[in-house]
Amino acid sequence: MTRILQLILMDIIRNRVVIAYTIFLALATWSIFFLEDSGNKALITMLNLELLVIPLISILFSAIYIYNSSEFIELLLSQPIKRSQIWINLYLGLAICLLLSFLFAVLPPLLLFGYLQNSIWLIVGGLLVSIIFISLGFLISIIQRDKAKGIGSALMIWLFFALLFDGLVLFILFQFGDYPIEKPMVFMSMMSPIDLLRIMNLMQLDASAMMGYTGAIFQQYFGSTIGTWLTLFILGIWALLPFWLSLQKFKKKDL
Amino acid sequence: MIQIEHIYKQFGKMEVLHDVELHFRKGEAIALIGPNGCGKTTLIKSILRMVLPTKGTIFFEGKDISVSGDQYRRNIGYMPQIGRYPDNMQIGQVIETIQSLRSDILNVDDELIYSYQLKQLYHKRMSTLSGGTRQKVSAVIAFLFNPDVLILDEPTAGLDPIASEILKEKILSARNKGKLIVITSHLLAELDELISEVVFMQDGRVQFHKKVDDLKSDEGTISLSKAISNYLKRGVA
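Protein sequence lines, in the order shown, are assigned to chains A and B. Numbered according to this note's numbering, the first sequence spans residues 79 to 333. Numbered according to this note's numbering, the second sequence spans residues -2 to 234.
Treat the hints loosely; a few may be bogus.
As the list claims (entries may be wrong) - Computed list of lysine to aspartate or glutamate pairs in EDC-like fashion (alpha-carbon distance at most 20 Å, straight line):
| hint | chain 1 | residue 1 | chain 2 | residue 2 |
| --- | --- | --- | --- | --- |
| 1 | A | LYS225 | B | ASP84 |
| 2 | B | LYS52 | A | ASP332 |
| 3 | A | LYS160 | B | ASP101 |
| 4 | A | LYS329 | B | GLU93 |
| 5 | A | LYS327 | B | ASP67 |
| 6 | B | LYS207 | B | GLU25 |
| 7 | A | LYS331 | B | ASP61 |
| 8 | A | LYS331 | B | GLU12 |
| 9 | B | LYS121 | A | ASP332 |
| 10 | A | LYS330 | B | GLU25 |
| 11 | B | LYS121 | B | ASP101 |
Derived by calculation from the structure, the hints in this document are not laboratory data.
Please model the entire structure based on the sequences and the hints provided.
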């Protein structure tokens, strides 16, 4: 572990937002398992919560953290340290902290209630969605110099993927339902990481009825195994591409 | 030691540096002077690669800094015009952080910490510091690792007379050790005793680069501020 990563980790762990986030996730998970009587239902409620809350916190926290560390970044840059090293370590630091909070909050109840085996994909999904939205947060903070505008854009992106995108899909379905639009719909669902994660999880839970339209097509086209790998691959792109773009921009940024 | 070749820099439509060509050699003490907004700070930040020029190359000890990697900055101590530090860190933490990043350097020069009596303020948070104390921290960091090159952007602005006297002593002793020193300042009278060469910039262009003594004899005066004002008056006439 490099010295820079140590410094960043120490700084983030002391941050109150991370602590509050961990406590909130833990409380939510415990109460879901206490309240829901059937296991599968609890897992699906978990999934919905996960896909709503984690993106919001990940994108906002990472964007705000980058804005607030501009001084620290400048201090490091006057020393013989590569720009890419600073940026990558910031990403690693944020990812490690948020992933650990998630695992720390969610694993104990899953273990205790004996759902660990069924919830592997739920956990994978939570980890992936964290990384993807941290990555998007980095991209926003480098594109938008102004902090207030940056936070606004982060909220817009979250709103779009978490709520509006589904509506858009539904709207297109109703409008063009008479045409063979299965293939375009599969393609369209790849445009939203949250949708993809939902499909991936529901394919594993075998809750076909709840998979929705795109999920059913996914299964029909690719079958469960190939479908899962394909979604994983695209989610990987979602996790790395925005960060890679932000890294390229950071290397050329004037400070 | 530092060779700047045909540097151009544009911020949007505004041209900040236009065809700047300069050579700085070891043992020189150079003053970069010029009106506000003439591109001094941008030029300095280009040498540090905090600003990336639109066109042109800068060589440090013969190596193009845009391809040689960031290790060349080992040999540069930089004191920014406005030092920005993480608000929630204490003075001591900032200095220790920087030191821990440069643990390869064993003989640190912490003389300024003692002459500025910063140890007593080590537990103060950066957000509570006055502008002058911030400048002192910046000065400490610039000199800390015995660099061969010192780049000081308005070093004495905001310092009280005693503190700026201490800093000037420090700059002079560094000059006597044969280090390359680049200073920007508006206090010409103060520069007079520190420097050996003058670079005068205006509107992003280098107007002249002369030895102080040559400049003074050209302008027929013994003070630097007189010489500059004579030069400017001639330009207007």
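Checked hints:
1. A:LYS225 with B:ASP84: Holds - the C-alpha atoms of ASP84 (chain B) and LYS225 (chain A) are around 16 Å apart, at most 20 Å.
2. B:LYS52 with A:ASP332: holds, 14 Å
3. A:LYS160 with B:ASP101: With a Cα-Cα distance of about 16 Å, the restraint between LYS160 (chain A) and ASP101 (chain B) holds, given a limit of 20 Å.
4. A:LYS329 with B:GLU93: violated, 26 Å
5. A:LYS327 with B:ASP67: holds, 17 Å
6. B:LYS207 with B:GLU25: holds, 12 Å
7. A:LYS331 with B:ASP61: Holds - the C-alpha atoms of ASP61 (chain B) and LYS331 (chain A) are around 19 Å apart, at most 20 Å.
8. A:LYS331 with B:GLU12: holds, 17 Å
9. B:LYS121 with A:ASP332: violated, 30 Å
10. A:LYS330 with B:GLU25: Roughly 31 Å separates the two Cα atoms, so the pair is violated.
11. B:LYS121 with B:ASP101: Since the Cα atoms of LYS121 (chain B) and ASP101 (chain B) sit roughly 27 Å apart, the hinted pair is violated (cutoff 20 Å).
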